[in-house]
Amino acid sequence: MSAEMAGHPKPASKPAKRAVRRGAPMASAPTSTSNAISSASDLARAGQHAQVIEVASQALSRPAVPPDDALALLELRAESLAARGEVDGAATDAEAMRALGERSGSPDLLARALISLARVQVLSGNLDAADKTAELAAKTARKSRKKLLVALAMSQLATGQVRLEKGDAALRNATAATRLFAEIGDELHHGRALWVVACAEDILGHRAKSERAADAALVLARRTGDRWGEASAFNIRWRQHVDLAKRLRGLHQALAGYLASGHVSGQAAIHNNLALAVLVPGQEAITPMCFDIGRLHIAPEIAARCGQEGSPGLTLAM
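For the sequence shown, the residue numbers in my numbering are 212 to 529.
Not one of these hints is a red herring.
Using 25 Å as the maximum straight-line C-alpha spacing, the simulated BS3-like pairs for lysine-lysine come out as follows: (1) Lys-457 to Lys-420; (2) Lys-377 to Lys-350; (3) Lys-377 to Lys-420; (4) Lys-343 to Lys-358; (5) Lys-354 to Lys-343; (6) Lys-377 to Lys-343; (7) Lys-357 to Lys-343.
Pair ranges (Cβ atoms, derived): (8) Val-430 to Ser-243: 30 to 38 Å; (9) Val-453 to Gln-269: 47 to 55 Å; (10) Arg-418 to Glu-398: 21 to 29 Å; (11) Arg-433 to Asp-299: 29 to 37 Å; (12) Gly-416 to Pro-278: 43 to 51 Å; (13) Ser-268 to Asp-426: 34 to 42 Å; (14) His-417 to Ala-456: 21 to 29 Å; (15) Gly-336 to Arg-383: 22 to 30 Å.
It is worth saying that the hints were derived from the structure and are not from the lab. Only a predicted model underlies this, so the values are computations on that prediction, with no experimental measurement involved. The C-beta atom is built at its ideal place from N, Cα and C for all residues, glycine as well.
Generate the whole structure from the sequences, applying the supplied hints.
Here you go:
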């Protein structure tokens, strides 16, 4: 199961702590697939996606990996590849997950695979395909009778609907997901679903409701140490604020979260929104006010890594 769906025990030894430090080499290869899943999950939460890919790849190369473990390792690797902007690799792993889930005959495994595939499709801009995949994921998850899978599928479905600007449907599905996450006590995913609620409310023009949902998402993200969730909440909360100083401060906080979580697509979105924050209406060039955000030129490069085309400075990014 992925870093988001599995437990994350605190490392018990100094070598394990060194393994999650940025840029540090792995102390040793995990001795079993279950240990590899645990190690990769911890590394993913620390934003160490290159090491996640290494650990998962080593574990997957072993003979006779159990289907549950193979799917969890593919899931972790796909998420880390996507976080790094390596969308083609992530899509390959997600398709391998779907094939594994179909062969297994298990609704649990297939639902998890479809959720991951829909996530990658959204990131790569295949929004119509993502919508269909997420619909199938929700249907399959219901067959599993597991609330967590149903909630994850509905949250992913709503995420894609936000990108398609289907505000009403996104709000309905995201709200249902928040209720399920609250019932099972999953605060991390509850916070992420609240972020989708905030995005949907924003699309519908309900700014006050969007801000309340974003504030609630931020509380849960901070409580669970979810830097991606924290960054996303900051972005939707402040990206359109009329007070420029508050807007820039909030966006810089979002950028810090995406940097800490290692998600390059999030970084591209924030560089995009920072550029828009300092543009004078009707003026194409960035004003001198952007002297403190001199890295804006990397946004097109990051967007290209994520498979996105066109100028990143045309519209506000969620």
